[in-house]
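All chains, please: the whole structure from these sequences, using the hints.
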Amino acid sequence: MITTAILVFVALLALFCLLWLAKAHASTSEALQNPAEHIHAVDVEAFRNLVDPEEEEFLRTNLRPAEFRRIQRERLRAAVEYVSCAAQNAAILLRLADAGRRSPDPATAEAAQKLVDNALRLRLYALHAIPRLYLGMILPGSRISSVGVAERYEQMTRQVVLLGCLQYPTRGVSAAL
Amino acid sequence: MIFAYTLGYYLWIAPKVLLVILLWGMVRRGLHRQFPMFFVYGALQVLQSAILIAISRSHLGFGDEYHRMFSVTVAVSSAARFCVIQELFNRFFRDYPVLVGPGKVLLRGATIALLLAAVGLATIAPGESANFLLRATYVLDRTVSVLQCGLLISLFLFSRYFALSWRSHAFGIALGLGIFASVELAVSAVALHLGTFSNRTVILITMATYHCCVLIWMFYLLLPERTAYFTRRELPKQDLEVWNQELQRLLQR
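Residue numbers (the working numbering), protein chains in the order written: chain B, 1 to 177; chain Y, 1 to 253.
Treat the hints with caution; some may be incorrect.
Heads up, simulated DSSO-like pairs for lysine-lysine below, C-alpha to C-alpha not over 30 Å straight-line [what the hints assert, rightly or not]: (1) Y:K16 to B:K114; (2) B:K23 to Y:K16; (3) Y:K104 to B:K23; (4) B:K23 to B:K114.
Hints listed in this document are in silico derivations from the structure and should not be mistaken for laboratory results.
As structure tokens, then:
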């Protein structure tokens with residue numbers, strides 16, 4: 001009886017989970033009607049500075065251990081915010097570029113495809129980088145390199161510019177943003 | 001009594017009639033080439049129901065022969081649904097080559113974890129009925145439902161994390177299958193607990209759910225696919241200026 005009750009509960013939970021995910025899928029499309037409201041500014045340089053090993057080494061040698069750990073935790077917390085923002089932007093840009101892939105213009109379609117690929121790689125990288133940054137917060141002494149995220153982000157933004165140029169040749173490069 | 005009898009026959013026959021219309025619509029739109037496994041699954045469902053109806057209307061009625069055939073159709077349908085899920089995964093990742101590797105890892109990982117959970121469940125709670133056929137049928141159904149439900153939720157979660165856009169057709173098929181698998185999970189657990197093939201409420205819930213799923217498939221497969229046009233929209237200027245400066249600085253390095 002208990003097993004049956006648990007299974008019925010799990011099944012109902014799965015059903016609601018599916019319906020919620022399906023609804024969320026529809027609402028994501030709605031959010032894209034006005035993507036500018038959802039795209040947050042991400043300062044790549046600031047992020048690079050936060051995860052710079054030389055900067056970390058400098059802090060390690062010039063600060064007392066307890067203070068270094070506190071500051072390093074703060075820095076990594078900020079880095080997580082940056083990665084999350086970049087990943088969120090990537091998600092929106094991905095959806096924007098997805099429609100561009102179906103463009104009749106081959107150059108636009110190609111640029112959109114590259115942007116989709118890079119945005120996906122960034123999301124994938126963020127999936128790995130965020131737990132590592134959190135691990136670094138737990139163990140502030142361990143060495144973490146997430147510079148790849150910044151590089152990927154830069155690469156992606158360059159492709160957004162290219163896509164913007166192709167889609168809005170008269171309006172300026174960042175119309176796609 | 002007459003109402004329940006009529007409702008039962010309606011829920012048995014109507015979804016299959018709708019499935020025939022759906023299959024015809026798929027052929028007309030060329031969707032049977034895009035989703036061959038789903039097309040085969042639909043055709044099998046119609047064929048299996050025709051056989052079951054024929055048996056029930058013959059001198060055999062709803063006896064042992066009918067239940068044996070019913071068990072066979074449950075097994076065949078379960079296998080076909082797995083093929084449809086595989087087809088959905090393949091089609092989904094084909095649109096995003098970057099995700100083929102992580103997608104395979106997800107599919108394998110989720111399958112192994114769910115299979116372990118389902119087999120564990122079958123071992124812990126094998127059902128109390130003395131009827132072997134009933135136990136085998138519903139334990140199989142429950143195991144398959146756990147796997148299918150879990151795989152579809154994994155696929156939805158994966159696509160949500162990566163903000164991937166589903167083509168309407170695949171989304172509709174996955175949604176219908178997911179709803180059916182989750183309800184089937186509850187129904188098979190209850191059927192095993194009751195120890196009978198012929199509990200009217202259980203049967204009606206299954207058939208009503210299937211009817212809804214067929215309507216979902218019809219909605220997504222027969223209506224024109226939605227196309228996103230948001231790339232053409234203009235965005236607020238203040239963001240554009242900030243981004244423009246930042247991007248220009250980055251590109252000049």
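List, from low to high, the hint numbers that the structure doesn't satisfy.
1
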